[in-house]
Every structure is written in C-alpha cells, then in structure tokens.
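> Residues per chain are reported as follows:
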Amino acid sequence: MITIIDYGLGNLGAFSNVYKKLNIDVRFASNVGDLKKASKLILPGVGTFDQAMNKLNSSGLRNYLDELVIKKKIPIIGICVGMQIMALKSDEGVLPGLGWINGKVNRLSLNNKNSPLPHMGWNDIKIQKRSPLIDNLDNSKRFYFLHSYYFQCQNLDDVIANVNYGFDFPCIINHKNIFGIQCHPEKSHYNGVNLLKNFAELN
Amino acid sequence: MLSPRIIPVILVQNKGLVKTINFENPKYVGDPLNAVRIFNEKEVDELIILDIDATINNKCPDFLSIKNWASECRMPLCYGGGISSVEEIQRIISLGVEKVSINSSALLNPDIINEAADLVGSQSVVVSIDCKRRKFNKGYDIFIQNGKKKYKIDLISWILEVEKRGAGEIVLNSIDNDGLMKGYDLDLIRLVKEKVSIPLTALGGCGSKKDIMRLIDEFSIIGVGAGSMFVFKGKFKAVLINYPSKIEKLNLFNETKKI
Numbered sequence: 001m002i003t004i005i006d007y008g009l010g011n012l013g014a015f016s017n018v019y020k021k022l023n024i025d026v027r028f029a030s031n032v033g034d035l036k037k038a039s040k041l042i043l044p045g046v047g048t049f050d051q052a053m054n055k056l057n058s059s060g061l062r063n064y065l066d067e068l069v070i071k072k073k074i075p076i077i078g079i080c081v082g083m084q085i086m087a088l089k090s091d092e093g094v095l096p097g098l099g100w101i102n103g104k105v106n107r108l109s110l111n112n113k114n115s116p117l118p119h120m121g122w123n124d125i126k127i128q129k130r131s132p133l134i135d136n137l138d139n140s141k142r143f144y145f146l147h148s149y150y151f152q153c154q155n156l157d158d159v160i161a162n163v164n165y166g167f168d169f170p171c172i173i174n175h176k177n178i179f180g181i182q183c184h185p186e187k188s189h190y191n192g193v194n195l196l197k198n199f200a201e202l203n
Numbered sequence: 204m205l206s207p208r209i210i211p212v213i214l215v216q217n218k219g220l221v222k223t224i225n226f227e228n229p230k231y232v233g234d235p236l237n238a239v240r241i242f243n244e245k246e247v248d249e250l251i252i253l254d255i256d257a258t259i260n261n262k263c264p265d266f267l268s269i270k271n272w273a274s275e276c277r278m279p280l281c282y283g284g285g286i287s288s289v290e291e292i293q294r295i296i297s298l299g300v301e302k303v304s305i306n307s308s309a310l311l312n313p314d315i316i317n318e319a320a321d322l323v324g325s326q327s328v329v330v331s332i333d334c335k336r337r338k339f340n341k342g343y344d345i346f347i348q349n350g351k352k353k354y355k356i357d358l359i360s361w362i363l364e365v366e367k368r369g370a371g372e373i374v375l376n377s378i379d380n381d382g383l384m385k386g387y388d389l390d391l392i393r394l395v396k397e398k399v400s401i402p403l404t405a406l407g408g409c410g411s412k413k414d415i416m417r418l419i420d421e422f423s424i425i426g427v428g429a430g431s432m433f434v435f436k437g438k439f440k441a442v443l444i445n446y447p448s449k450i451e452k453l454n455l456f457n458e459t460k461k462i
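Protein chains in written order, with our numbering: chain A, 1 to 203; chain B, 204 to 462.
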C-alpha cells in the first residue's frame with residue numbers, strides 16, 4: 001500500500017486526494033506500526049531543512065524508515081523539502097540530512113532582478129535520463145516550483161531531470177529505490193497526477 | 204523557462220464567494236469550494252483565497268474551510284485573512300496550504316514576518332499590501348483592515364522592510380482599481396517592482412487579455428492576479444468562472460513577446 005509519512009509536515013491531504021481520484025489505496029503513517037504494510041513511501045515536506053529533520057528525528061519513525069529504505073529497498077519519493085532532507089546536508093540548516101542520496105543542498109544564489117527568489121511558478125523540466133517515473137507527461141513538461149534551495153547531486157547519473165532558473169539544476173533525482181522531486185506533483189495538475197500514478201505503478 | 208503566473212484571486216465572506224468594487228459592495232457570486240473545483244478543471248497556475256471579513260471582525264481564520272479548500276486544490280494555494288500569529292500560520296501550512304498571506308498583522312507586528320519565515324520558510328510567507336493613490340499629492344498610501352483604515356508608513360520603506368525580514372512574495376493590490384476591470388495601476392507596480400528582488404504579484408483592475416499582456420510585456424516574470432475577470436463573463440458581468448485554456452495562455456505569452 002502507498003503510505004504517506006505523516007511527521008507533521010506537508011500537504012498529506014493533497015496527495016491522498018490525487019490517489020483517491022485514481023482509485024489507488026493510500027494511507028498515512030505516523031507510527032512504526034502504520035509503516036509496516038508500506039509497499040511504497042511518500043516523504044512530503046514543506047518548510048525549512050532543520051525543521052523537517054527535527055520533526056522526522058523526533059517522530060520515532062527515523063530508524064525504521066532507514067531500515068525500510070536502505071535494507072528492504074522499499075521505493076520512496078521525497079517531495080520538495082522531503083527530497084532535500086535525503087541529502088547529506090544543506091546550506092539552509094545545521095542538522096545532518098538523511099544521507100540517502102549523495103549530494104548537498106545549496107542556496108540558489110542568483111543576484112539577478114529578472115530571476116527573483118524564491119523560484120516560484122511553472123517551469124519546464126529537461127529530461128536527462130529515461131525513467132518510468134516520468135512516462136506519459138504532457139509535451140510541455142511543466143511543473144510547479146516553490147523553493148530557494150536545490151539538490152546538488154554528487155553523481156550526475158542520479159539526475160532524471162533538470163530545470164533552468166538562472167542555471168540548470170536537478171529537480172527529479174533517483175538513486176536505486178530512492179526518488180526525489182523538487183517541484184510539487186500534488187500541485188502540478190495533469191503532469192503531477194501522472195507522475196504520482198507512475199510512482200504507484202513502479203515495479 | 205519560468206512563465207508568468209496567472210492567478211485567480213477569490214474573496215470569501217460569510218463562507219460565500221464575493222466580488223467587490225474598490226473594496227466595497229461585496230456581491231455574492233457562488234460557493235468557494237465549487238470555485239476551487241472549477242479552477243482545478245481549468246488548470247490554473249495558482250489560486251489565492253482571501254477572507255475579507257476575518258480581520259475586521261476580529262475572527263481567526265476558518266481552519267475547517269481552509270482545510271477543505273486545500274485538500275481539493277490541485278494547484279498551489281495561498282490563503283489570507285484574519286491571521287494574527289505565527290502559530291496560525293504554521294497551522295494553515297500544515298493544512299496543506301502552500302502560502303500564507305499576511306497584511307494588517309505584518310504592519311502592526313512586523314516581527315511576524317521573520318518568525319514565520321524561520322518557521323515555515325520564506326517561500327511560504329506572502330505579504331500583501333493594499334494601496335491607494337493619494338488624492339492631492341504624489342504617491343500612495345497603505346491601508347489595513349480591508350481598506351478601511353489608513354496606516355502611516357512609506358510604501359517603499361515598507362516594501363524594503365518586508366523583503367529584508369524574509370517574506371517570499373509581495374501581493375500588491377490597488378484599491379482604486381479593484382473591480383473596475385479597466386487595467387492595472389502600472390505606475391504603482393513600476394514603483395514597487397524596481398525595488399524588490401522577491402516575486403511580485405499585481406492585483407486590482409485586470410479586465411481583459413490585453414491588461415494581462417501589458418503587464419507581462421513590461422514586467423516579464425510577474426504574478427498576474429485577477430478577481431473579476433475570472434468570475435464574470437461578458438458585458439453584463441454574468442457570473443461565470445473562466446480562465447484561459449493552455450493554448451490561449453501560450454498564445455497570450457507568444458503574442459506578448461511580439462509587442
């Protein structure tokens with residue numbers, strides 16, 4: 001069952017609504033017991049890096065999540081800050097990240113009046129490698145972005161798609177069973193719904 | 204490439220959807236949740252919902268309604284109205300709202316901007332500013348409490364302070380042009396746009412595709428906010444929720460480039 005990790009951050013209702021409309025079963029998990037039946041995991045996140053790490057560290061879920069993701073290789077997708085905390089560390093905070101994908105989170109320093117920060121709005125993604133996660137997207141390949149930090153992957157092979165805002169940086173990443181997306185699929189209409197459907201259907 | 208955001212702004216009063224002219228005479232135009240559903244189908248870029256009653260009546264935000272709107276929204280949602288503390292901001296974000304807009308409370312207690320930015324991240328903190336052109340001399344005054352009360356502060360120094368304190372976006376509203384559908388107050392937007400390096404959304408007066416094009420042509424990356432245009436249709440202002448289709452929007456952006 002698709003299980004949305006409820007650690008007090010992020011838009012859980014928006015994800016479950018998308019899946020309900022697709023007739024795909026979904027549940028929330030706020031304790032280890034709830035996590036046990038998970039076949040796929042969604043790690044949402046809105047807010048700041050340290051806030052997300054603090055909440056996750058104090059949720060009581062952290063150790064079991066490590067086991068599910070690293071040992072049992074359950075597919076997981078981190079969304080927005082949920083993706084960023086999969087890195088080793090971030091410019092935005094002092095706490096260490098989960099370190100599930102090799103990389104660090106940097107601030108988008110643009111210093112350019114034509115590129116205000118945060119990077120806010122609809123932007124086209126540029127696909128770098130094939131992945132079932134991004135099958136059947138619109139020709140336009142547009143997603144909604146709202147962030148001031150980005151995930152810099154250590155291994156370029158981990159990048160599924162980049163986006164350009166001042167420069168190209170990763171916005172959809174994947175290492176083994178672990179996926180991350182900077183944009184908000186739950187708020188990206190058709191493309192977002194499709195991406196979440198693709199995630200549910202991953203083998 | 205990042206596109207300009209075309210954003211319907213809907214006003215809520217007594218749980219109903221209303222539209223005002225110059226911030227006065229709210230006219231009932233429907234049910235907000237129903238509007239959210241229609242805007243989903245129209246695939247709008249973003250949606251702003253403002254409760255215009257909450258602050259003046261000293262009410263806290265209607266959390267249950269906000270939760271229902273947010274769960275229904277398949278596009279990013281910004282909520283504003285009646286917010287007076289960071290706890291409320293955090294609660295609204297936890298209900299699944301992407302951005303929270305503060306107005307009166309930011310002016311009365313500017314620290315709320317810093318505290319909110321620390322707690323939920325700058326990207327989710329929007330400060331909206333209601334402006335009115337001065338009658339007898341140059342410049343603009345800022346109003347609070349839904350346009351009821353003038354607040355003595357210089358517009359530009361407030362804009363700079365808002366940015367410095369960590370807001371992630373400014374929504375700039377023209378009281379003079381609200382509901383008239385005769386175009387944006389471009390002087391006001393120009394004045395502010397040159398000063399800010401965070402995203403800016405213009406609101407007040409948009410009535411036609413031409414108004415949208417003029418705004419994008421001059422300011423390129425900007426939030427294009429509009430109320431009346433997306434809830435009224437035609438010469439007689441029949442209530443009909445509408446929004447440019449994907450192709451219309453693309454054409455609009457392409458035509459803008461040719462101006």
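In short, the hints are calculated from the structure, not lab data. Quick reminder that beta carbons are idealized off the backbone N, C-alpha and C, glycines included. There could be a bad hint or two in this list.
In silico DSS-like pairs for lysine-lysine, Cα to Cα no more than 25 Å straight-line [said to hold, decoys possible]: (1) A/126 with B/452; (2) A/197 with B/396; (3) B/230 with A/197; (4) B/245 with A/141; (5) A/72 with A/126; (6) B/452 with B/385; (7) B/412 with A/21; (8) A/126 with A/197; (9) B/230 with B/218; (10) B/385 with B/436; (11) A/176 with A/71; (12) B/230 with B/436; (13) B/449 with A/141; (14) A/197 with A/176; (15) B/230 with B/398; (16) B/338 with B/355; (17) B/396 with B/413; (18) B/452 with A/141; (19) B/262 with A/20; (20) B/245 with A/197; (21) B/367 with A/141; (22) A/126 with B/460; (23) A/55 with B/270; (24) B/449 with B/436; (25) B/436 with A/113; (26) A/21 with B/230; (27) A/36 with A/20; (28) A/141 with A/72; (29) A/20 with B/412; (30) B/245 with A/113; (31) A/72 with A/55; (32) B/351 with A/113; (33) B/449 with A/21; (34) B/353 with B/367; (35) A/113 with B/353; (36) B/412 with B/367; (37) A/126 with B/352.
Partial pick of chain B residues on the chain A-facing surface, computed with a CB cut under 10 Å [said to hold, decoys possible]: (38) 268; (39) 277; (40) 297.
> Against each hint, give a clear statement of whether it holds in the structure.
Hint by hint, here is what the structure shows:
1. The straight-line distance between the Cα atoms of residue 126 of chain A and residue 452 of chain B is roughly 21 Å, inside the 25 Å bound, and the hint therefore holds.
2. Proposed proximity of residue 197 of chain A and residue 396 of chain B is contradicted: the alpha carbons are some 40 Å apart, above 25 Å.
3. With a C-alpha separation of about 40 Å, the suggested pairing of residue 230 of chain B with residue 197 of chain A is violated against the 25 Å cut-off.
4. A threshold of 25 Å between alpha carbons decides the hint, and for residue 245 of chain B with residue 141 of chain A the separation of about 17 Å falls inside it, so the pair holds.
5. For a cut-off of 25 Å, the pair hint linking residue 72 of chain A to residue 126 of chain A is broken: about 31 Å separates their Cα positions.
6. Between residue 452 of chain B and residue 385 of chain B the alpha-carbon distance is near 20 Å, which keeps this suggested pair within the 25 Å criterion.
7. Distance restraint check for residue 412 of chain B and residue 21 of chain A: the Cα-Cα separation of roughly 33 Å exceeds the 25 Å cut-off, and the hinted pair is therefore not satisfied.
8. For the given pair, residue 126 of chain A sits about 20 Å from residue 197 of chain A by alpha-carbon distance, which is consistent with the 25 Å threshold.
9. Distance hint between residue 230 of chain B and residue 218 of chain B is fulfilled; the C-alpha atoms sit about 13 Å from each other, no more than 25 Å.
10. Our distance criterion of 25 Å between C-alpha atoms is met by residue 385 of chain B and residue 436 of chain B, whose separation comes to about 14 Å.
11. For the suggested pair residue 176 of chain A and residue 71 of chain A, the alpha carbons sit about 12 Å apart, so the restraint of at most 25 Å is met.
12. For a cut-off of 25 Å, the pair hint linking residue 230 of chain B to residue 436 of chain B stands: about 15 Å separates their Cα positions.
13. Annotation: proposed proximity of residue 449 of chain B to residue 141 of chain A holds, straight-line Cα distance about 13 Å (limit 25 Å).
14. The suggested pairing of residue 197 of chain A with residue 176 of chain A holds, with an alpha-carbon distance near 19 Å, which does not exceed 25 Å.
15. Only pairs whose Cα atoms come within 25 Å are accepted, and residue 230 of chain B paired with residue 398 of chain B is rejected, the gap being roughly 35 Å.
16. Under the criterion of a C-alpha separation no larger than 25 Å, the hint pairing residue 338 of chain B with residue 355 of chain B is consistent with the structure, at around 15 Å.
17. Annotation: proposed proximity of residue 396 of chain B to residue 413 of chain B holds, straight-line Cα distance about 20 Å (limit 25 Å).
18. The suggested pairing of residue 452 of chain B with residue 141 of chain A holds, with an alpha-carbon distance near 15 Å, which does not exceed 25 Å.
19. Distance restraint check for residue 262 of chain B and residue 20 of chain A: the Cα-Cα separation of roughly 33 Å exceeds the 25 Å cut-off, and the hinted pair is therefore not satisfied.
20. Proposed proximity of residue 245 of chain B and residue 197 of chain A is supported: the alpha carbons are some 21 Å apart, at most 25 Å.
21. With a C-alpha separation of about 34 Å, the suggested pairing of residue 367 of chain B with residue 141 of chain A is violated against the 25 Å cut-off.
22. Taking the CA atoms of residue 126 of chain A and residue 460 of chain B, the gap is near 23 Å; set against the 25 Å cutoff, the hint holds.
23. Taking the CA atoms of residue 55 of chain A and residue 270 of chain B, the gap is near 21 Å; set against the 25 Å cutoff, the hint holds.
24. With a C-alpha separation of about 19 Å, the suggested pair residue 449 of chain B and residue 436 of chain B falls inside the 25 Å cut-off, and the hint holds.
25. At most 25 Å may separate the alpha-carbon atoms for a hinted pair to count; residue 436 of chain B and residue 113 of chain A exceed this at roughly 36 Å.
26. A hinted pair counts as satisfied when its Cα atoms are at most 25 Å apart, and residue 21 of chain A with residue 230 of chain B does not qualify at roughly 33 Å.
27. Restraint check for residue 36 of chain A and residue 20 of chain A: satisfied, since their Cα atoms lie roughly 21 Å apart, inside the 25 Å limit.
28. Pair hint residue 141 of chain A plus residue 72 of chain A does not hold up; C-alpha atoms about 32 Å apart against a cutoff of 25 Å.
29. Taken as a hint, the residue 20 of chain A and residue 412 of chain B pair is broken in the structure, with Cα atoms around 36 Å apart against an allowance of 25 Å.
30. A distance of roughly 31 Å separates the Cα atoms of residue 245 of chain B and residue 113 of chain A; the hinted pair therefore is violated under the 25 Å criterion.
31. This hinted pair checks out: residue 72 of chain A and residue 55 of chain A have alpha carbons roughly 23 Å apart, not beyond 25 Å.
32. Simply put, residue 351 of chain B and residue 113 of chain A have alpha-carbon atoms about 33 Å apart, too far for the 25 Å limit, and the pair is violated.
33. Taken as a hint, the residue 449 of chain B and residue 21 of chain A pair is honoured in the structure, with Cα atoms around 22 Å apart against an allowance of 25 Å.
34. With a CA separation close to 23 Å, the supplied pair residue 353 of chain B and residue 367 of chain B stays within the 25 Å bound.
35. For the hint pairing residue 113 of chain A with residue 353 of chain B, the CA-to-CA distance comes to about 31 Å; that exceeds 25 Å, so the pair is violated.
36. Distance check on the hinted pair: residue 412 of chain B and residue 367 of chain B sit about 34 Å apart at the alpha-carbon level, beyond 25 Å; violated.
37. For the proposed pair residue 126 of chain A and residue 352 of chain B, the alpha carbon gap of about 48 Å is over 25 Å, so the pair is violated.
38. Using the Cβ-Cβ criterion of 10 Å, the hint placing residue 268 of chain B at the interface with chain A is not satisfied: the shortest such distance is roughly 13 Å.
39. At a threshold of 10 Å, the smallest CB-CB gap from residue 277 of chain B to chain A is about 6 Å, leaving the interface hint in force.
40. Annotation: residue 297 of chain B was flagged as interfacial toward chain A, and the flag holds, the nearest CB pair being 7 Å apart, inside 10 Å.
Hint violations for this structure: numbers 2, 3, 5, 7, 15, 19, 21, 25, 26, 28, 29, 30, 32, 35, 36, 37, 38, all remaining hints satisfied.
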